[in-house]
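Participant: Each chain is listed here by its residues.
2 protein chains.
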Amino acid sequence: MAASAKAVHAALAAWRRALGTENVLTDGDVLGRAATATFPTTQKVIAILRPARREEVQQCLRIAQRHGTPVYPVSGGRNWGYGSRVPPEGGCAILDLARLDGIRDFDERLGHVTVEPGVTFGKLFAFLQARTARLFLSVPGSGPEASVIGNAVERGDATGPQGDRFAHVCGLEVVLPTGELVHTGFARFDGARAARVARWGVGPSLDGLFSQSNLGVVTAMTVWLTPRPGHFELAFLAITDGEKLPALVDALQQLRMEGTIRGTFALWNDYKALSLCGGYPWEAAGGVTPLPEALLERTRAETGFGRWNGTIGLYAASRAQGLADRARVEEVLLSRVDVLAWDDRAPGVAWEDLDARGPGLGVPHERSVAGMYWRKRQGATATEPATATLTSFTASAELSRREPRATETETETATARGTLTPTLSRTRERETEGAIDPERDGCGYLWCTPAVPFVGGEVDSVLALCEEAIGGAGFEPQIAVVFASERLALVCAAIVWDRAAEGDDARAMACHDALLARLIGGGYLPFRLGVQSMAALPAGSDDTAELLRRIKALLDPRGILAPGRYAPSPVIESPRDHGE
Amino acid sequence: MAASAKAVHAALAAWRRALGTENVLTDGDVLGRAATATFPTTQKVIAILRPARREEVQQCLRIAQRHGTPVYPVSGGRNWGYGSRVPPEGGCAILDLARLDGIRDFDERLGHVTVEPGVTFGKLFAFLQARTARLFLSVPGSGPEASVIGNAVERGDATGPQGDRFAHVCGLEVVLPTGELVHTGFARFDGARAARVARWGVGPSLDGLFSQSNLGVVTAMTVWLTPRPGHFELAFLAITDGEKLPALVDALQQLRMEGTIRGTFALWNDYKALSLCGGYPWEAAGGVTPLPEALLERTRAETGFGRWNGTIGLYAASRAQGLADRARVEEVLLSRVDVLAWDDRAPGVAWEDLDARGPGLGVPHERSVAGMYWRKRQGATATEPATATLTSFTASAELSRREPRATETETETATARGTLTPTLSRTRERETEGAIDPERDGCGYLWCTPAVPFVGGEVDSVLALCEEAIGGAGFEPQIAVVFASERLALVCAAIVWDRAAEGDDARAMACHDALLARLIGGGYLPFRLGVQSMAALPAGSDDTAELLRRIKALLDPRGILAPGRYAPSPVIESPRDHGE
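Chains as they are written, first to last, in my numbering: chain E, 450 to 1029; chain V, 450 to 1029.
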């Protein structure tokens, strides 16, 4: 529910006084870009507020509360496929937290760092690299410019030991919708020595309230880091026949459950794997979509990918531990896969080797983001190193099932052979033109992400449903299954299209909504929601929804913080303008 | 704030109608025992309510809300050293949840079980044993009759892979103080397939609100289980000189951080270790307390314990993994310890071997509880097997630092040689006389439990402070340091006395309060509070305490649920009797 024009006018004036005119953006082009996602949206944005300090965030919220003018906090804005920076409801000012980019505290021995919302994965990587720290932070697929706090509070995933990000953070500093300030865990007590090492504190634990919610703005957070392993083993595995998937998933669950695999890892289908190497093979396909089955098979053969593919990192302290883990993986997996190849480069994990082995060791990359350009005729956008890392692993004809061996860093790929559309390196371009920008470039991208028990048969049937629904709508289903814990598989199914292609926007949205409804109907609830789908959750038969409504009304009496975000029925005080 | 006599009378009548007269206990002896802790308390209990089903819990709370008569939920009541079953404020009815003892659901493959509050560690162990399940549940020191849910919601610790219990549960079913029903995570959606395998669900995560709180009664919870390892290595380590402690702690932190040690483990000081073997050596000490230094040293030599001692379990899938982990532990620890001995019995971990290797593999035991009888002249109370397990490890003269080898199950112990007071086996007695009962037996026991960063120097100085304060008051400090995560040490310092010894009650309380205040003043906040100390926390300089007060007032308008529990300033509606 938008505020009155008079209230907006008064709020803008107050925000300008608080932040300076230069930090309250109302230029039409700027607002238009902020209101653009990777799928159609109609919400308008009234301003972009750019506070630089926590106190300014508090002021912004007090002003919003006073005038009833809603704000929508954005850290890095890389909420790609879920709505980017676009608020679920129109009439919001975007509270852009990028200028709060301090790294407040760092402890190498205990492995923790305290960051503000503007700290990106790229910035934190550079920070650790500059110190040649013996630590890394597991990275998500959203690239080097994604916010660490954004990833955590949205409960995003990442590759490696701390893949369940929100389980590895503590000490949140939170500004409530009223402008009040709270801290979670021991951080609420001045000088508490365990504030950055303990999750729970003493008394009720509040962290969860501020994840996937609209109950507060997180302005700082302690993030736990992982020691770089003394010995790192990285496996690439593939199956050529989808029939083998259930047994493979069950075997992987056994390895995860028993602790041989200790971090988050993923399987990708062929479409997802191909999208990491290059763009849609327009030429080979004669300009036709969707991708013909024969061409898919040909490209798969060229790249060395299977029907399902994955990488698994094994993190050990000693060489003996690493080799014992590797032997155990082989014992369990060899009979289940067609390819099991080990990357034997640089087991010592020096900083200079990281680029080539990066994603599992905390090197931010854009290879997943590049996949959003799949259907763009101008070619995919990606940095070369990430692509080379992946394809080096998969394109080698020498990969052997029974005799895992080293693979080469530089090998010919399908893109070089010309089937996939060549990947453009934008590294140089970006210096003059700005970062990768799927919204500007008209990439169509939508996630549908059900949570599924880590059981072969069940994962398989959900994947079949997703592939069928997305393929049936004329798109190539790009799917990753993220094994987020010993018991949980997060199916991340993307619908990818070119927003310039006539009719595809509408077809993609309809496909997404029908698939989401079907998954929810089957008991496969999404673990994360796009801004367009906040009302898609069923009511539930207990009093939880009502409790959430009451808590929202308690913390945010006028409903000014991110209305509609993970809260389909916000409680808003009866509309009136308090004046200033 | 107690309700009026009229309100209590009306509430009792309503509770009787709801539960049947036989399930509303008001007998003076019964109430007196329920109001007895292991330290002096003055709170009176007005009744014990014994609902058998969740719907009856809801009725009990609605009645309480209607009449303003507070209730205090108790699952197993083994909150020993923190107040047992005694409410922080007088005038409560105890809501005894022991009759809700259903095991609702069990999945061996995914390793989860859904239990009600009356399910104890002993019951769950028997359940798994009866199925020869390939799973176990890490156990705390509070014995086989402690409640699994009680341990989790109080955020207690345990030994082994899931030592941070509350991080390994999901899908809480919670009755709110108003009688409403909520579920956490995906469990709020009927038929959600991931309800028992995913922690967060979608939207704000509420679990934390219902731990260490008075915001709801948890009537069911899914608990994650650990696979029994294919290969299990168990080490006993000791240092004879306290000066070596900081370096040892730092080495242990390295092993935990790098992932060689993957579960919760502990170090115990000599007093704690001795208390696990037998009672105070009254005869050798000539009836004098505290324990003379020379006698401590003699007993330590006889038992084989060092100044600081510990066991570490290594959980592996294959023998090669287990041996590689063991070699890594030796590489890091050998130069830091005086004893490092490996238990080489039964690496296969068959059910029939568990008793002998139990605590790290989920076998509930009473050896810590037996330590509460330390100062009782009638002798300690314990079951033999647990004691034998420990002492077999420590009393052997053949323990070797450089050549770890198997130790014998049955060896002579200091108790057998006569220095410590012999341990009485109550296994047979209990069949006729009831369970171990420190409250009935006048055991004095109080915990003081600061959270400390897992850093040698810092742990060492907190331990010194605790030993000095407790020793200075004339008691033997029984201290365990529980390494709860890669970064966090929980110092569990117990004051142990005989409540029949004149003046000791007062001296122990004063010692506890002074130590707690001193620790808090130094930034070492407790991670758990006894019912007598709920007001000991500082206010904090932000709005967190106020937020907690508001949430309490929202969920519990009349303040009838566990008033004062982790909430020193409960908000209670202005006193009035609504009548019935």
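In short, the hints are calculated from the structure, not lab data. Hints should not be assumed to be uniformly reliable.
[Claimed, not checked] A few chain E residues that don't get close to chain V, going by computed Cβ distances all over 12 Å:
hint: 1; residue: V457
hint: 2; residue: R465
hint: 3; residue: R515
hint: 4; residue: G540
hint: 5; residue: A575
hint: 6; residue: P610
hint: 7; residue: R677
hint: 8; residue: I688
hint: 9; residue: A959
hint: 10; residue: G971
[Unchecked claim] Pair by pair, the computed Cβ-Cβ distance ranges are:
hint: 11; chain 1: E; residue 1: S990; chain 2: V; residue 2: E471; range: 28 to 34 Å
hint: 12; chain 1: E; residue 1: D554; chain 2: V; residue 2: G921; range: 41 to 47 Å
hint: 13; chain 1: E; residue 1: D554; chain 2: V; residue 2: E742; range: 38 to 44 Å
hint: 14; chain 1: E; residue 1: S990; chain 2: V; residue 2: R999; range: 23 to 29 Å
Using N, Cα and C, we set each Cβ at its ideal position, and we do this for glycine too.
Participant: Take the hints in turn and mark each one as holding or not.
Facilitator: Status of the hints after comparison with the structure:
Every Cβ of chain V is farther than 12 Å from the Cβ of E:V457; the closest lies at roughly 28 Å, confirming the non-interface assignment. Against chain V, the non-interface label of E:R465 holds: every CB pair exceeds 12 Å, the least being about 27 Å. With a closest Cβ-Cβ approach of about 18 Å to chain V, E:R515 is found to remain outside the 12 Å limit, as its non-interface label requires. Look at E:G540: its CB is around 22 Å from the nearest CB on chain V, clear of 12 Å, so calling it non-interface holds up.
Every CB of chain V lies more than 12 Å from the CB of E:A575, the least distance being 23 Å, so the non-interface label holds. Listed as a non-interface residue, E:P610 fails to keep its Cβ farther than 12 Å from every Cβ of chain V; the least gap is roughly 8 Å. A beta-carbon of chain V is positioned within 12 Å of the beta-carbon of E:R677; the least distance is around 10 Å. The Cβ of E:I688 lies farther than 12 Å from every Cβ of chain V, with a closest approach of about 21 Å, so its non-interface assignment holds.
Against chain V, the non-interface label of E:A959 holds: every CB pair exceeds 12 Å, the least being about 22 Å. Annotated as non-interface, E:G971 brings its C-beta within 12 Å of a C-beta of chain V; the closest such distance is 8 Å. Hint check: E:S990 to V:E471, Cβ distance near 32 Å, so the stated range 28 to 34 Å holds. For the hinted restraint 41 to 47 Å between E:D554 and V:G921, the CB-CB distance of approximately 35 Å leaves it violated.
One distance hint, 38 to 44 Å for the beta-carbon pair E:D554 and V:E742, holds here, with the actual separation near 42 Å. A hinted range of 23 to 29 Å holds for the C-beta pair E:S990 and V:R999, which are about 28 Å apart.
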